[in-house]
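A.B. asks: One letter stands for each residue in the lines below.
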Amino acid sequence: MDIAVFRARLNTWLDEHHEDVAPPFEPPGTLDEQVAQMQRMKSVLYDAGWMRYGWPERVGGMGGSPMLRTELGAALAARDLTDPGLFSLIEVLAPTLIDFAPVELAAEFVPRLLSGAEIWCQGFSEPGSGSDLASLSCRAEPDGDPATASTWIINGQKVWTSLANYAQRCVLLTRTGAPDSRHRGITAFFVDMDTPGITVAPLEMINGLSEFAEVFFDDVAVPADRMLGEVNRGWEVAMSILPYERSSCFWQLIAHLYHRLEMLVAVAPDDDRSAEVIGDAYVALHALRARSRVTQHRLASGATLGPETSIDKVLVATTEQKVYDAARRLLPGVVELDDSASGHLWRSEYLYSRAATIYGGTYEIQRNIIARRLLDLGAD
Amino acid sequence: MDASERALLEQTVRDAISSTSGGFDKVDEVLADLGWLEMLRDEPHDAVAIVFGALGSTNGAGSMLDDVLLAALGMTPEPGCAVLLPPFGSSAPPASVDGDRVFGTGLATARATTASEMVAVAVTGDAVTIARVPMSAVNTEPARGVDPRLGLHVAHVDVQDADATGDTRSWEPALAAGRIALAHELAAASRAMLELARTHALERVQFDRPIAHFQAVRHRLAETLVAIEACDASLVAAADEPGPMTAALAKALAGRAARTAATHCQQVLAGIGFTTDHPFHRFLKRTMALDGLLGSTDALTFDLGRELLATRRVPTLIEL
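Going line by line, the protein sequences match chains U and F. The numbering of the first sequence is this note's numbering, which starts it at 1 and goes up by one. The numbering of the second sequence is this note's numbering, which starts it at 1 and goes up by one.
No lab work stands behind these hints: they were computed from the structure. It should be emphasised that the depicted structure is a prediction, and the values quoted were computed from it without experimental measurement. Cβ atoms here follow ideal geometry from the backbone N, Cα and C, with glycine treated the same way. Certain hints may be false.
Claimed, not checked - If you anchor each label on the Cβ, the simulated ranges turn out as follows:
| hint | chain 1 | residue 1 | chain 2 | residue 2 | range |
| --- | --- | --- | --- | --- | --- |
| 1 | F | Glu195 | U | Glu26 | 51 to 57 Å |
| 2 | F | Pro279 | U | Asp325 | 34 to 40 Å |
| 3 | F | His156 | U | Leu351 | 51 to 57 Å |
| 4 | F | Ser96 | U | Asp325 | 36 to 42 Å |
| 5 | U | Ile206 | F | Gly243 | 39 to 45 Å |
| 6 | U | Met205 | F | Thr105 | 54 to 60 Å |
| 7 | F | Ser18 | U | Glu336 | 54 to 60 Å |
| 8 | U | Glu336 | F | Thr316 | 27 to 33 Å |
| 9 | F | Glu5 | U | Asp325 | 41 to 47 Å |
| 10 | U | Glu336 | F | His156 | 50 to 56 Å |
| 11 | U | Asp271 | F | Glu319 | 29 to 35 Å |
Claimed, not checked - Examples of chain F residues toward chain U, derived with CB under 7 Å:
| hint | residue |
| --- | --- |
| 12 | Val236 |
| 13 | Ala239 |
| 14 | Arg306 |
All chains should be built: construct the whole structure from the sequences, respecting the hints.
C.D. replies: In structure tokens, the structure reads:
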């Protein structure tokens with residue numbers, strides 16, 4: 001389907017079915033409410049077909065360009081129907097199954113993620129492995145010969161695992177090579193979160209929500225047919241996420257930020273200071289949207305996305321903070337003291353936006369990549 | 001035009017400009033020989049991107065901005081016709097009309113010294129008045145300022161019986177076209193500054209290693225590239241969705257990129273970048289002058305903010 005036609009039809013449908021997909025509470029709500037809303041909305045959208053566009057038919061999709069699902073996420077974010085950060089987790093989870101899981105496994109489970117029947121999480125970061133992901137140490141040992149073992153035993157810890165305390169499955173990176181084997185000794189698994197030996201300890205974030213958790217693995221037995229890709233080839237699985245994270249997820253977040261700036265513009269004082277602050281945020285947002293659009297057109301035309309997406313990441317992170325900084329500057333006392341739902345929303349998202357230059361590769365790491373890979377300044 | 005044709009043409013234009021000493025009359029001449037006006041007529045988008053990009057990267061100066069504005073005003077560009085530009089920092093039509101009298105003060109490119117007539121645009125209600133004024137009725141003086149090589153002039157127009165036509169053509173398309181051209185030039189000048197600083201960082205050794213090794217230096221150059229790439233993306237957006245807002249945003253982002261590049265690259269170049277022995281200063285000065293033409297970054301950003309507040313809307317402008 002042509003993307004402009006899809007967008008028009010989708011928006012018409014969302015207008016007509018607003019009651020069916022809108023949150024039954026005033027945003028932001030609690031995390032429990034947000035998650036329940038997201039799953040209910042996905043279920044309605046799946047039944048109506050919208051959640052299936054842009055996904056391959058072999059996992060229950062209806063095919064078409066992945067940009068269709070990007071449009072869906074952006075439309076939902078622009079209407080404040082769901083949190084784009086939580087919703088776009090699909091983009092970093094489903095493709096790993098589609099590209100690396102045995103065909104039957106992907107066909108069985110991906111529809112559950114798309115339809116809101118399940119939540120999955122991503123077990124990548126560890127206490128000792130943040131920016132340096134390739135140093136991860138959560139261990140997976142074969143129960144017998146690695147080539148023929150029917151079971152792998154996992155021991156270790158993950159952290160910053162979004163929605164782990166809601167999730168039924170986890171896409172997990174483990175160390176299967178020597179401790180110092182770095183990216184050559186990592187293997188990915190698709191793990192059931194109710195497997196004995198898994199303990200989830202939620203972490204309360206700076207905005208009071210417990211979106212993240214620590215996840216502990218204590219002799220957790222995982223069947224070998226749950227391996228994603230091959231033994232010691234898990235780095236490919238991890239890296240395969242990048243094009244989705246840096247295209248679709250960003251576009252959804254961008255739609256959300258435009259919506260937030262519009263909310264700010266609706267209530268900001270009509271004076272010169274507002275014009276300066278809002279103009280500054282708008283120029284930054286436009287640059288980000290223009291850059292992300294170029295990136296997605298490159299991806300759609302068959303280009304392989306690489307280090308140049310670090311520029312997109314820097315723009316996303318700095319612009320998100322700029323939008324919320326603008327809100328804090330133009331609505332004095334709202335972020336800090338307002339206990340209404342709207343004050344709570346601005347406060348929660350303002351505080352969350354401080355992480356924008358930290359998660360998904362810090363601002364520092366992105367600039368290191370730009371310097372080394374794009375400017376060819378040599379090793380750091 | 002495909003990518004390889006374009007690259008070849010870019011190189012040809014750069015070489016032609018570099019073959020002159022960068023002086024405006026010679027640059028005008030070599031570009032005329034290359035068919036600039038025909039390109040502008042037949043493939044305006046590519047012509048502007050290539051020529052203004054080449055001016056920016058070579059620090060060349062010409063009067064092609066007059067041609068871009070004339071074409072966007074629906075007039076036929078010609079070397080003998082200059083345009084009265086708004087004063088530094090401003091974007092409003094620079095002239096006023098009072099009966100048959102047309103008067104105003106603004107800037108002009110170096111063409112002011114060779115042209116036989118000047119086009120002055122004035123606001124009259126919802127439309128604009130376009131007046132063709134003989135250069136004999138225009139008093140010009142050089143505005144050497146920070147960048148004498150650019151050849152800017154201050155121009156005072158005051159004529160009693162102007163050949164003025166009330167015109168429904170708005171000033172907006174001319175402004176948008178001029179801003180896009182200047183944005184290309186600023187972006188290319190910013191890239192030139194980045195390349196100078198990058199080369200210096202790789203060659204300059206302190207503490208027994210190239211300063212490119214130090215993260216503080218690397219991050220400054222990385223931030224410069226981010227700003228330039230952001231501007232380039234906005235130029236793609238402006239080409240795909242032409243309009244006053246996408247053009248204003250591109251010019252604002254170009255001015256931003258130039259400031260970021262100037263600040264970071266000058267710091268990385270350190271002592272040598274503070275001298276006229278090194279070419280950096282020419283790019284710095286050029287971007288200082290260009291930022292003020294047809295609306296500075298600050299003015300554009302403020303005006304965009306004003307517009308958003310007036311409409312209480314935040315238009316997304318571009319779609320996938």
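A.B. asks: Do the Cβ positions of U/Glu336 and F/His156 conform to the proposed distance bound of 50 to 56 Å?
C.D. replies: Taking Cβ atoms as reference, U/Glu336 and F/His156 lie about 53 Å apart, which means the hint holds.
A.B. asks: Against the range 39 to 45 Å, how does the distance between the Cβ atoms of U/Ile206 and F/Gly243 compare: consistent or not?
C.D. replies: holds, 40 Å
A.B. asks: Lying within 51 to 57 Å: is that true of the beta-carbon distance F/His156 to U/Leu351?
C.D. replies: The hint (51 to 57 Å, Cβ to Cβ) holds, given that F/His156 and U/Leu351 are roughly 56 Å apart.
A.B. asks: Can the suggested window of 29 to 35 Å be confirmed for the beta-carbon pair U/Asp271 and F/Glu319?
C.D. replies: holds, 32 Å
A.B. asks: Measuring from beta carbon to beta carbon, are U/Glu336 and F/Thr316 in 27 to 33 Å?
C.D. replies: Given a distance of about 30 Å, which is inside 27 to 33 Å, the answer is holds.
A.B. asks: Assuming the hint says 54 to 60 Å, is it satisfied by the Cβ distance from F/Ser18 to U/Glu336 or not?
C.D. replies: holds, 57 Å
A.B. asks: When the nearest CB of chain U is found for F/Ala239, is that gap smaller than 7 Å?
C.D. replies: violated, 11 Å
A.B. asks: Could you tell me whether the CB distance from F/Ser96 to U/Asp325 stays inside 36 to 42 Å?
C.D. replies: holds, 41 Å
A.B. asks: Given the hint of 41 to 47 Å, check if F/Glu5 and U/Asp325 actually sit that far apart at their C-beta atoms.
C.D. replies: Because 45 Å falls inside the window, the suggested range holds.
A.B. asks: Given F/Arg306 was flagged as interface, is its beta-carbon under 7 Å from a beta-carbon of chain U?
C.D. replies: holds, 4 Å
A.B. asks: Is 54 to 60 Å right for how far apart the beta carbons of U/Met205 and F/Thr105 are?
C.D. replies: Holds, at about 58 Å.
A.B. asks: Against the range 51 to 57 Å, how does the distance between the Cβ atoms of F/Glu195 and U/Glu26 compare: consistent or not?
C.D. replies: holds, 52 Å
Checked against the numbered hints above, the structure breaks only hint 13 and satisfies the rest.
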